[in-house]
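Chemist: Hey, can you work out the whole structure from these sequences and the hints?
For the record, the sequence lines run as chains U and R.
What the first sequence shows, in our numbering, is residues 156 to 424, in sequence order.
What the second sequence shows, in our numbering, is residues 3 to 270, in sequence order.
Simulated from the structure, these hints should not be mistaken for laboratory data.
Don't take each hint at face value.
As the list claims (entries may be wrong) - Straight line, CA to CA, 20 Å or less: simulated EDC-like cross-link-like pairs of lysine to aspartate or glutamate:
1) R:194 <-> U:306
2) R:194 <-> U:274
3) R:224 <-> U:274
Bear in mind the structure is a predicted one, so any value in this text is a computation, not a measurement.
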Amino acid sequence: MKNLLGACPIDEKLIPLYDCLRLIKKTGFETTMFDWHTPDEAKETVEFCKKIGLEVDNFHAPFGGLNVMWYEGEAGENYTKRIEEYVTTAGKLDIPIVVVHCTAGGIPEEPHGSPIGIERFARIIALGKKCGVKIAFENLEYPEMLGLIMDVFKNEDIGFCYDTGHEALCTPGMRFIPLYGDRLCCTHIHDNYGASYSKVPIVHGDCHMLPFDGCLDFGRIMSDIRSTGYTGALTLESGIRQSLGYHYDLSPEAYFKRGFDALVKLSEM
Amino acid sequence: MLTLGCSLHDILGTSYAENMKHAANAGFKSVFALWNDDMDTEAYMNNAAKCGLTVESFHAPFVNYSKIWEEDDEGDRATEIIKHCIRVAAEYKVPYVVSHVISTLDAPLTSNLGLCRFGKIVIEAEKYGVTLCFENTEYIRHLALVFSTFASPKFCYDVGHEHCFTPGIRTMGMFGERLGFLHLHDNLGMNKSYRASHDDDLHRIPFEGDIDWTKTLTEIKKSGFDGTLMLETDPGHDLGFYGSITAEEYYAKSFAGAKKLAELYETL
Numbered sequence: 156m157k158n159l160l161g162a163c164p165i166d167e168k169l170i171p172l173y174d175c176l177r178l179i180k181k182t183g184f185e186t187t188m189f190d191w192h193t194p195d196e197a198k199e200t201v202e203f204c205k206k207i208g209l210e211v212d213n214f215h216a217p218f219g220g221l222n223v224m225w226y227e228g229e230a231g232e233n234y235t236k237r238i239e240e241y242v243t244t245a246g247k248l249d250i251p252i253v254v255v256h257c258t259a260g261g262i263p264e265e266p267h268g269s270p271i272g273i274e275r276f277a278r279i280i281a282l283g284k285k286c287g288v289k290i291a292f293e294n295l296e297y298p299e300m301l302g303l304i305m306d307v308f309k310n311e312d313i314g315f316c317y318d319t320g321h322e323a324l325c326t327p328g329m330r331f332i333p334l335y336g337d338r339l340c341c342t343h344i345h346d347n348y349g350a351s352y353s354k355v356p357i358v359h360g361d362c363h364m365l366p367f368d369g370c371l372d373f374g375r376i377m378s379d380i381r382s383t384g385y386t387g388a389l390t391l392e393s394g395i396r397q398s399l400g401y402h403y404d405l406s407p408e409a410y411f412k413r414g415f416d417a418l419v420k421l422s423e424m
Numbered sequence: 003m004l005t006l007g008c009s010l011h012d013i014l015g016t017s018y019a020e021n022m023k024h025a026a027n028a029g030f031k032s033v034f035a036l037w038n039d040d041m042d043t044e045a046y047m048n049n050a051a052k053c054g055l056t057v058e059s060f061h062a063p064f065v066n067y068s069k070i071w072e073e074d075d076e077g078d079r080a081t082e083i084i085k086h087c088i089r090v091a092a093e094y095k096v097p098y099v100v101s102h103v104i105s106t107l108d109a110p111l112t113s114n115l116g117l118c119r120f121g122k123i124v125i126e127a128e129k130y131g132v133t134l135c136f137e138n139t140e141y142i143r144h145l146a147l148v149f150s151t152f153a154s155p156k157f158c159y160d161v162g163h164e165h166c167f168t169p170g171i172r173t174m175g176m177f178g179e180r181l182g183f184l185h186l187h188d189n190l191g192m193n194k195s196y197r198a199s200h201d202d203d204l205h206r207i208p209f210e211g212d213i214d215w216t217k218t219l220t221e222i223k224k225s226g227f228d229g230t231l232m233l234e235t236d237p238g239h240d241l242g243f244y245g246s247i248t249a250e251e252y253y254a255k256s257f258a259g260a261k262k263l264a265e266l267y268e269t270l
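Modeler: The following block contains the structure:
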């Protein structure tokens with residue numbers, strides 16, 4: 156069975172969202188994923204995607220400052236509620252997956268496991284089950300924290316969102332498909348130059364480039380993905396402008412065409 | 003049946019020589035030493051030979067591994083200590099040296115400098131013909147980086163550490179192709195504060211914790227491993243559990259655990 160090919164919208168300063176979604180569809184992509192600010196905005200965007208024949212593979216829950224979820228206090232509670240809103244909205248709009256980070260960098264410090272954090276993620280997972288939404292956890296900077304979540308909730312129907320770029324940059328030498336491939340339910344496909352170890356490997360170099368424009372071994376990546384029998388979408392999580400000042404000197408049309416060709420090549424590997 | 007081995011140092015107030023006698027009497031054929039610069043390596047090796055025990059590895063000293071990753075002269079000293087351990091292993095024809103890449107609950111950032119220092123350790127092992135193994139400990143990311151950088155080191159699969167420090171990360175899935183050595187011990191997993199703690203690292207005899215040994219041994223066997231089933235157990239990590247056991251009783255118990263592992267391994 157063929158994997159659907161998807162792309163996320165790019166910076167709205169370059170192209171308004173709805174124009175971007177139209178362009179994604181016109182280029183040949185079949186699916187998309189996005190985040191949003193309000194449930195009404197989510198509803199309108201999903202309806203627009205339906206109108207133009209673009210599937211919505213998942214919502215990406217907020218993640219900036221997410222580490223507060225691991226600490227007692229109002230900030231963590233509020234963050235949890237925000238993600239819960241994502242889950243209930245996804246349920247109402249028949250979006251099957253919400254992608255959730257379990258950490259967000261070392262801000263304010265490297266997060267560690269805690270009962271309150273586990274309790275909050277448990278609530279989100281339970282809500283997902285009630286709403287018919289799968290919560291998919293993505294690989295990021297602290298593999299031990301993802302491991303903790305995957306272990307504590309091993310008897311729950313949680314998913315794994317495989318992020319190719321993060322695997323190479325944040326956790327070189329780790330391969331997440333052998334660990335969680337049996338839960339693979341969505342993908343974030345992007346490229347970068349790998350880890351830079353001058354000092355801080357985590358933020359530096361998360362370029363979110365199109366596949367084959369960096370140095371990731373997509374042959375190995377696709378072999379890993381294929382080994383799971385995954386039939387979900389291969390979705391670009393890339394942008395024209397990303398970190399390290401990297402950017403494509405391309406129009407949105409040319410950028411998405413380049414991205415589509417790269418994804419087609421990937422899907423044939 | 004695979005060879006059965008155990009870590010061998012002074013435990014329960016008895017000398018290592020006494021421990022060697024008990025380990026050999028219990029049925030163990032192989033041991034590894036917690037090597038350090040102060041020990042009389044020659045006496046240790048001679049005692050082992052007298053008891054019919056093969057010393058299969060030296061465990062590198064517990065240096066401050068965090069400093070290896072940091073811009074600190076102590077990192078250079080730690081590197082030299084591990085290199086020295088490798089040279090001594092070569093001198094006494096001990097085939098393996100097992101080292102950590104980190105040994106702390108406060109993970110240092112990975113760094114070029116750390117990679118350079120571990121590179122020196124790797125080269126020393128290659129130069130002296132010693133198989134260097136890196137072991138999984140409190141964090142997995144430093145180990146993954148080292149393995150992605152250096153081709154020659156092998157993986158020492160520490161089953162107990164995986165269970166209590168990094169639940170949800172089956173290291174054999176990532177590093178099984180490089181498996182070179184085993185540290186087998188049991189514990190009760192991570193505590194309910196969900197934060198890694200050395201208190202969880204009980205180093206109990208297999209089947210005295212809650213590790214799934216069928217799953218674990220299946221992964222080991224799948225890798226084609228044909229080395230020693232090497233226990234890394236120590237009653238000193240869980241004196242409350244082992245009560246007033248004597249060293250002799252302890253080695254008999256350990257061997258029974260090891261034999262049960264071997265029998266299970268054969269059935270898989």
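Chemist: None of the hints should be skipped; say for each whether it holds.
Modeler: Hints and how they fare:
1. Note on residue 194 (chain R) and residue 306 (chain U): the hinted pairing holds, with a Cα-Cα distance of about 13 Å set against a maximum of 20 Å.
2. Our distance criterion of 20 Å between C-alpha atoms is met by residue 194 (chain R) and residue 274 (chain U), whose separation comes to about 12 Å.
3. This hinted pair does not check out: residue 224 (chain R) and residue 274 (chain U) have alpha carbons roughly 36 Å apart, beyond 20 Å.
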